[in-house]
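With the hints as extra help, turn the sequences into a complete structure.
This is what each chain is made of:
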Amino acid sequence: MKDIFLNFAPMKFTASQIAELVSGTVEGNIDAEVFRLSKIEEGSVGSLSFLANPKYTPFLYTTNATITLVSDAFVAEKPFATTLIRVTDPYEAFTKLLHHYNKMKSNPEYGIAKTAIISEDARISKDVFVGDFSHIGAHTTLENHVSIHPNVFIGENVTIGAHSVIHTGARILDDTIIGEHCVINSNAVIGADGFGWAPNEQGAYEKVPQTGNVVLENYVDVGANTTIDRATLGSTKIGKGVKLDNLIQIGHNVEIGEHTVIAAQTGIAGSTKIGTHCQIGGQVGISGHLTIGNRVGIQAKSGILKNIKDDSKIMGYPAFDYTAFNKAYVHFRNLHTHISDLQILKKKLDHE
Amino acid sequence: MKDIFLNFAPMKFTASQIAELVSGTVEGNIDAEVFRLSKIEEGSVGSLSFLANPKYTPFLYTTNATITLVSDAFVAEKPFATTLIRVTDPYEAFTKLLHHYNKMKSNPEYGIAKTAIISEDARISKDVFVGDFSHIGAHTTLENHVSIHPNVFIGENVTIGAHSVIHTGARILDDTIIGEHCVINSNAVIGADGFGWAPNEQGAYEKVPQTGNVVLENYVDVGANTTIDRATLGSTKIGKGVKLDNLIQIGHNVEIGEHTVIAAQTGIAGSTKIGTHCQIGGQVGISGHLTIGNRVGIQAKSGILKNIKDDSKIMGYPAFDYTAFNKAYVHFRNLHTHISDLQILKKKLDHE
Amino acid sequence: MKDIFLNFAPMKFTASQIAELVSGTVEGNIDAEVFRLSKIEEGSVGSLSFLANPKYTPFLYTTNATITLVSDAFVAEKPFATTLIRVTDPYEAFTKLLHHYNKMKSNPEYGIAKTAIISEDARISKDVFVGDFSHIGAHTTLENHVSIHPNVFIGENVTIGAHSVIHTGARILDDTIIGEHCVINSNAVIGADGFGWAPNEQGAYEKVPQTGNVVLENYVDVGANTTIDRATLGSTKIGKGVKLDNLIQIGHNVEIGEHTVIAAQTGIAGSTKIGTHCQIGGQVGISGHLTIGNRVGIQAKSGILKNIKDDSKIMGYPAFDYTAFNKAYVHFRNLHTHISDLQILKKKLDHE
Numbered sequence: 101m102k103d104i105f106l107n108f109a110p111m112k113f114t115a116s117q118i119a120e121l122v123s124g125t126v127e128g129n130i131d132a133e134v135f136r137l138s139k140i141e142e143g144s145v146g147s148l149s150f151l152a153n154p155k156y157t158p159f160l161y162t163t164n165a166t167i168t169l170v171s172d173a174f175v176a177e178k179p180f181a182t183t184l185i186r187v188t189d190p191y192e193a194f195t196k197l198l199h200h201y202n203k204m205k206s207n208p209e210y211g212i213a214k215t216a217i218i219s220e221d222a223r224i225s226k227d228v229f230v231g232d233f234s235h236i237g238a239h240t241t242l243e244n245h246v247s248i249h250p251n252v253f254i255g256e257n258v259t260i261g262a263h264s265v266i267h268t269g270a271r272i273l274d275d276t277i278i279g280e281h282c283v284i285n286s287n288a289v290i291g292a293d294g295f296g297w298a299p300n301e302q303g304a305y306e307k308v309p310q311t312g313n314v315v316l317e318n319y320v321d322v323g324a325n326t327t328i329d330r331a332t333l334g335s336t337k338i339g340k341g342v343k344l345d346n347l348i349q350i351g352h353n354v355e356i357g358e359h360t361v362i363a364a365q366t367g368i369a370g371s372t373k374i375g376t377h378c379q380i381g382g383q384v385g386i387s388g389h390l391t392i393g394n395r396v397g398i399q400a401k402s403g404i405l406k407n408i409k410d411d412s413k414i415m416g417y418p419a420f421d422y423t424a425f426n427k428a429y430v431h432f433r434n435l436h437t438h439i440s441d442l443q444i445l446k447k448k449l450d451h452e
Numbered sequence: 101m102k103d104i105f106l107n108f109a110p111m112k113f114t115a116s117q118i119a120e121l122v123s124g125t126v127e128g129n130i131d132a133e134v135f136r137l138s139k140i141e142e143g144s145v146g147s148l149s150f151l152a153n154p155k156y157t158p159f160l161y162t163t164n165a166t167i168t169l170v171s172d173a174f175v176a177e178k179p180f181a182t183t184l185i186r187v188t189d190p191y192e193a194f195t196k197l198l199h200h201y202n203k204m205k206s207n208p209e210y211g212i213a214k215t216a217i218i219s220e221d222a223r224i225s226k227d228v229f230v231g232d233f234s235h236i237g238a239h240t241t242l243e244n245h246v247s248i249h250p251n252v253f254i255g256e257n258v259t260i261g262a263h264s265v266i267h268t269g270a271r272i273l274d275d276t277i278i279g280e281h282c283v284i285n286s287n288a289v290i291g292a293d294g295f296g297w298a299p300n301e302q303g304a305y306e307k308v309p310q311t312g313n314v315v316l317e318n319y320v321d322v323g324a325n326t327t328i329d330r331a332t333l334g335s336t337k338i339g340k341g342v343k344l345d346n347l348i349q350i351g352h353n354v355e356i357g358e359h360t361v362i363a364a365q366t367g368i369a370g371s372t373k374i375g376t377h378c379q380i381g382g383q384v385g386i387s388g389h390l391t392i393g394n395r396v397g398i399q400a401k402s403g404i405l406k407n408i409k410d411d412s413k414i415m416g417y418p419a420f421d422y423t424a425f426n427k428a429y430v431h432f433r434n435l436h437t438h439i440s441d442l443q444i445l446k447k448k449l450d451h452e
Numbered sequence: 101m102k103d104i105f106l107n108f109a110p111m112k113f114t115a116s117q118i119a120e121l122v123s124g125t126v127e128g129n130i131d132a133e134v135f136r137l138s139k140i141e142e143g144s145v146g147s148l149s150f151l152a153n154p155k156y157t158p159f160l161y162t163t164n165a166t167i168t169l170v171s172d173a174f175v176a177e178k179p180f181a182t183t184l185i186r187v188t189d190p191y192e193a194f195t196k197l198l199h200h201y202n203k204m205k206s207n208p209e210y211g212i213a214k215t216a217i218i219s220e221d222a223r224i225s226k227d228v229f230v231g232d233f234s235h236i237g238a239h240t241t242l243e244n245h246v247s248i249h250p251n252v253f254i255g256e257n258v259t260i261g262a263h264s265v266i267h268t269g270a271r272i273l274d275d276t277i278i279g280e281h282c283v284i285n286s287n288a289v290i291g292a293d294g295f296g297w298a299p300n301e302q303g304a305y306e307k308v309p310q311t312g313n314v315v316l317e318n319y320v321d322v323g324a325n326t327t328i329d330r331a332t333l334g335s336t337k338i339g340k341g342v343k344l345d346n347l348i349q350i351g352h353n354v355e356i357g358e359h360t361v362i363a364a365q366t367g368i369a370g371s372t373k374i375g376t377h378c379q380i381g382g383q384v385g386i387s388g389h390l391t392i393g394n395r396v397g398i399q400a401k402s403g404i405l406k407n408i409k410d411d412s413k414i415m416g417y418p419a420f421d422y423t424a425f426n427k428a429y430v431h432f433r434n435l436h437t438h439i440s441d442l443q444i445l446k447k448k449l450d451h452e
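Residue numbers (this note's numbering), protein chains in the order written: chain V, 101 to 452; chain R, 101 to 452; chain X, 101 to 452.
It should be emphasised that the hints constitute simulated quantities derived from the structure, not laboratory data. Among these hints, one or two may not hold up.
Since the list gives no way to pick out one identical chain from another, each pair is judged satisfied if it fits inside one copy or across any two copies.
As the list claims (entries may be wrong) - Capping the alpha-carbon separation at 30 Å, the derived lysine-lysine pairs in DSS-like fashion look like this:
hint	residue 1	residue 2
1	K406	K340
2	K447	K203
3	K307	K427
4	K196	K373
5	K446	K427
6	K307	K373
7	K139	K155
8	K214	K373
9	K226	K413
Here's what the structure looks like:
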């Protein structure tokens, strides 16, 4: 198999260019070239690495990284091959380079692919990208600097705010409103009909019409293969700055407050309202028609069947106070011993 | 951000038109126009709302809804701005309008998009819609009034029954049979190979060929990003009227009885048979090779490791009787107190 | 609805052809034709079935299967209609036919569809298939005998090893490296950004750039709608022979050892390392930054919050030893009785 870091190949930097970017000083070959980033212990020819945690110092003497960012205070105790760039804070400098790299990489191209299908009734702002085989429906608006990757479907009467990115394979169905600076990852589905069924007298289910839509405020991220259903009536609302991981299910008429983050594979049933600044773990399930307060922490895999107050930290199925759950669970683990004790006591008393 | 209800914009109705539809009488401006539906507490100019629950009466005096459906018996106690339409049952009238709206909206168009790829060996009935960039394989049959949205893949030797709808991004793989009036939501995958692996002597896994197919009877709904695997041999069978929510996994050779509903993110392992009229919550896991009876209720997040009898209501991991689980769980929550009591008793008796 | 086994229609075999393939002898019509495989209890005209388990012998006298494989030792006790093919081991013979059938079916075609978009900078080996509406990005390499089904997106700087198959709707994002003989099922997403967010002083989340990639070694299978995130730095690594079922989430920088199998809807959080030859059930959740040993067995639905040693078998949420969990759970089920006993004892002692 090929070198796994070929990814950074198209961009090359010299030690002196990097030193300038991070306000550092080169110690070694100022013309040394790097075209990828790596951990110091995985450094290879052409990679740029960093030494921040003293625990990793031994790797500096053996790394194959071409350039390594080190602290101004670093004093070598053995010979080494890598070119050093000395900076005040190597981790901060490395993070700065990461952002710089990412910005260059995501520098968007504009234009409409020849194979894209754009409705005559769509409003496409300038400086928009629409990739191959993507479809933009009637009465839909793409604002400035929107990027629609290939093989995307955008339905009718959709609005996508400025600087938002829709990744390949995502499906944005009719009437959805997406704010600015949002990112919708691959194969996510936004605006499919909610799961509304009413049993008839024969026990068969008849569809409750789902006439609402989905609204994402600004700076929302939606993970790959995540699904957000349209409201039965009104809107399913995802607040500003909410971050949703992969494979999450958001039911119809759910509302999520600003700056709440939710980890992968969590599901939220219809009409539940979640507060702001919550941290919800992976594989959590939350029943319908509940109210979850602000700043609530929910441990991964918990199941929530009741309203939860502000600032709670909960766990379990059904979930209750995090500390109380863990106390109870310690006893559960030892339940066999406890019950044996109980049975001995019982016998003792029965024999008295 | 724009008004979130623009969704209904293309259709406009006057108060007198609506009164006719719901057999009501207008009180106010008979020419008042609405082009969306709303809850009374979220009413805005151009929206039609309703007042059914007396609890919401105060909103009538403040709502910005242009028209509001109210009961014949309603007596106003304050001034208000909205035009009234009086009907016998406002909720029923509103539901009627919802269905009317939905019917207008889903009125299918017919025709084959120029960019669609249709095998010469496919049999396409009349009055069928196939959207852009969709692919219909050889020996596949689309019956009357089938609607295939854009970016859909339909493999070889597939049958799709009359009036069924395949939403954008769904993948219907070879040999699948879909009945009439089915709905397959976006990015669902039907007929991928089941997860069948046999370890060899070196501990590596060799594939067990998956030569069966998937059969959906009439009136089946499949949620967005749900996956239904083909059978190893024979068919994975989804009975008439079954409703599957989003992100569900149905393993190879599973059989689901008529009119069973399953909520999001539930998984059913290979060869399990589920009865009719079951109600299965979200994030439930059911092991392979089990038999679940008819009319079984399974609480969300439960894990099923044994066969379940007809009419059971179960919960837990592993799941058992719903009432018994909840009784046990109350004690679990207080386990710390109980074990403290036990330890006190133990000490008492040891000291006697 | 049509016969559900039409799937095998395009290929027909006679009894004498099959007898030759499995080294058997025909008893009945040597020209009998079959074009599908079936279970004996579901046999129908045109199907080939087998009788291996004596429990199913009664079906032989009633089956509508045209041909049935039976053991050399089989002695009929009643009349029957099916043509027999006698073999040493009917199950083995049937399995052989399955593999033969599958091989014929999957015999790949080669060529590039006219509607496929291939970057000028991509390196496409000979004998490669690329289907309609698929997109191959710049600097991407497809090695010999690679098969890219329709509506697939392959980003930039990707490598796909020889004999690998990418099914319809899969998304292989920039920098991903896929080994040889891998299978990526429909709508899987490989290489989306990991879920990395750092809260700022205002409690809003800022993105941690995700600059790494995903590496799949040889013989890896990825299920439908499964997501594997790219590393923050370095690579998310899936070892040789790993088999992932549908709807699984693999977080950034996760590493999975060779020949580990994972069932559907399991999630593994960022930076966790999993050993070789593990068997992980469905809907399992594993926290981030953990180390799971080799040959570990994890029962479905378990939640793992700690490192796990080699050869452990665990269950529960949080998970611990499998046998200990089950012992404790027996007592949990009867907790109501135990606590009643405890309360009786308490009263007795209080009254003494």
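* **Indices of hints not satisfied (ascending)** => Numbers 2, 3, 8, 9 - these are the hints that the structure violates, sorted from lowest upward.
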